[in-house]
Amino acid sequence: MNVAVCIKRIPLSPGRWTLTADETAIDTSGSAMGWTLSPHEECAVEAAVQLAEGGGSVTAFSLGTPESAEQIREVMAVGVDRGVLLETDGSDWDGQATAAALASAITADDTDFDAVIVGTESADASGYQVGVRIAHALGWPIVTNVKGLSVEGGVARCERVVGSEREVYEVSLPAVIAVKDGVNIPRYPSVPGRIKARKKPLDTVTPEARPARVEKVKLALPPQETSSAQVLGTGADAAPQVVAVLKEIGVLA
Amino acid sequence: MILVYVDHDRGVLDELSLQAVAAARGLDTDVQAVMVGADAVTAAARLGEFGVTTTHVAVDPRITDYAPMATGRAVAQMARQMSPAAVLAVGSPRGNEVLAHASAIVDEPFAADCTAITLGDGVSHVTRNRWAGNVLEDARVHAPMLIASTALHAFAVDPVTGSGPAAVVEFAPELADADLAVRIVDRVGGGGGGVSLAEAKVVVSGGRGVGEGGFGPLEELAALLGGAVGCSRVVTSAGWRPHAEQVGQTGTKVAPDLYIAVGISGATQHIAGCKNAKTMIAINTDPDATIMSFADYAVIGDAATVMPALVDAVRAAKS
Ligand SMILES: Cc1cc2nc3c(=O)[nH]c(=O)nc-3n(C[C@H](O)[C@H](O)[C@H](O)COP(=O)(O)OP(=O)(O)OC[C@H]3O[C@@H](n4cnc5c(N)ncnc54)[C@H](O)[C@@H]3O)c2cc1C
Ligand SMILES: Nc1ncnc2c1ncn2[C@@H]1O[C@H](COP(=O)(O)O)[C@@H](O)[C@H]1O
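These protein sequence lines are chains A and B, in that order.
Residue numbers for the first sequence follow this note's numbering, so the first one is 1 and each next one is one higher.
Residue numbers for the second sequence follow this note's numbering, so the first one is 254 and each next one is one higher.
Here chain A stands alone, though its shape is the one from the complex (with noise of 0.2 angstroms):
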């Protein structure tokens, strides 16, 4: 199988969030900061992997700055076949312009894709449209939010959880799947993996921008927790002190 998957880099989420001067972007100047994909991605690029081990190719394409080379090449270093960077100036994308962008390279590349591997939502923008709006553009079914992944005869079959229920959805290939954290455990990158990333090839193609249509005015932090905890005892002894919170709150009768 051939397969696409879409990701995108972010920052690591920090402890303490600050913002730039102007705010407008997460503030990234600290030490501390690295770059990283969202954790659904990280399982986005592991189903892939695994759809492709049968024989086929994964393909990774990311609209970002030419930074994002450097999460491509994080990606071939745990099993990507090569990667098509979506090259643009750091300004900002819409779900709709980013998706249109996507859509048109995936159907643009010489790979015929069986299957799109996306994220349900992007960590940082968490638009929950992109793959949607990939799965439209293509004219291909997409389920959403799976948790549970296995592809057998064309046909993919796809879980998702929803209270102590997993739904079951089965959809032929060509298909956009959108996973979410948990559909596996994404493996680690090996050392001899990261030496083979460097010589994997890597696109660049210049996407077409459209002007934002859910545009960025500013970003804030939510107000911050300034109470504490009211300490009921230390150790065991505080035992008899919960249980009267518990009755004081009615979870107890």
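In case anyone wonders, no lab produced these hints; they're calculated from the structure.
Nothing here was measured: the structure is a model prediction, and the numbers come from that model.
Heads up, some of the hints might be wrong.
Derived list of chain B stretches under chain A, where covered just means 3 residues or more per stretch with a C-beta under 8 angstroms from a C-beta of chain A [said to hold, decoys possible]:
| id | segment |
| --- | --- |
| 1 | 392-399 |
| 2 | 422-436 |
| 3 | 494-500 |
| 4 | 509-522 |
| 5 | 552-562 |
Glycine is no exception: its CB is placed at the ideal position from the N, C-alpha and C atoms.
For this one, chain A is given, so just place chain B with the ligands on it according to the hints.
Just chain B with the ligands now, kept in the frame of chain A:
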């Protein structure tokens, strides 16, 4: 007029969707709803109690259970036909999915997980969650009709006293067979008698500090309180507990009456999943752990000694 997509599961009204109805009423007095599937009719009428005047129900014999593309198609069709000022849904997995489909079909923008909405002529303003609510974005949405979901628990459900049932109008959505290709074909698991994490009134959640073998007393306490067990990502990554129990940004978001966080440090991504708990109790060896600024009450101590004592005390109080 505001059009709200209201979800249901085999006829049972999705209570979370009422939050989107409440948000719509804050924008306009004329609130109509769209639901999908013949089995939605009873729930459709009930929406009157929450201020909906008319519920449009898409009925097609091919729709026998939730089918996201077909649902998006039906919502898009109703949106085109009615030209509402906004189309809203709650930011649940289904709500976001349905609106993503509808907006892709009508080729309009979609703003997910909004905590505030101001409608304008051609340009609306929203505040929405990014980074699972760790960061708020103020955005302008350029569209003749705003398509937006409301962040979970951002809008409080408010019933309208003395209102009658909503008028129920059935319509036949124009669906291609391809729209029905994606639908629930089976349901597995469940019925195990356990309380589902997302809906539990009490969640007893464990982190790294509980240790691999330490979840027994958490399970006992959850069972005694009629609740569910949750955990942090460290715990699921280590394989100590199934991923289905993970609470947080990439796990389940819970809003129980009581959340007990045992051996959990309180990372922002974890808090994103439990900050809507009415009461939080933290049990931690570290009195300065971040979780302490979110918790209402705390016990300072080792989970391995506090939890068994707590189980005994609760059991004694119940008998
Ligand atoms: C994009 C992204 C998404 C993420 N999504 C999630 C998510 O959905 N959910 C999630 O939970 N995490 C998520 N994380 C991970 C998160 O950042 C933290 O790493 C994680 O929540 C920490 O888990 P923890 O509190 O169990 O462990 P730690 O941070 O290691 O904390 C352990 C705590 O236990 C206490 N302790 C130690 N020993 C004891 C003892 N004997 N008794 C009592 N207390 C003790 C310690 O004082 C400490 O406070 C995500 C991370 C990223 C980057
Ligand atoms: N800039 C991007 N480059 C590549 N893939 C992306 C990009 N933005 C979003 N995606 C994919 O679409 C998914 C959903 O993103 P979103 O709609 O922003 O929540 C992500 O998990 C990615 O798989």
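Structure-based check of all given hints:
Only residues whose C-beta sits within less than 8 angstroms of a C-beta in chain A count toward coverage, and the segment 392-399 of chain B has 5 of them, enough to reach three; the restraint holds. Coverage of a stretch by a chain is defined here by at least three residues with a beta carbon nearer than 8 angstroms to that chain's beta carbons; for the segment 422-436 of chain B and chain A the count is 4, and the condition holds. Check on the segment 494-500 of chain B: 3 of its residues sit with their Cβ under 8 angstroms from a Cβ of chain A, so the three-residue criterion for coverage holds. Check result for the segment 509-522 of chain B against chain A: holds, 5 residues qualifying (beta carbon to beta carbon below 8 angstroms, three or more required).
With 8 residues carrying a beta carbon less than 8 angstroms from a beta carbon of chain A, the segment 552-562 of chain B meets the three-residue requirement, and the given coverage holds.
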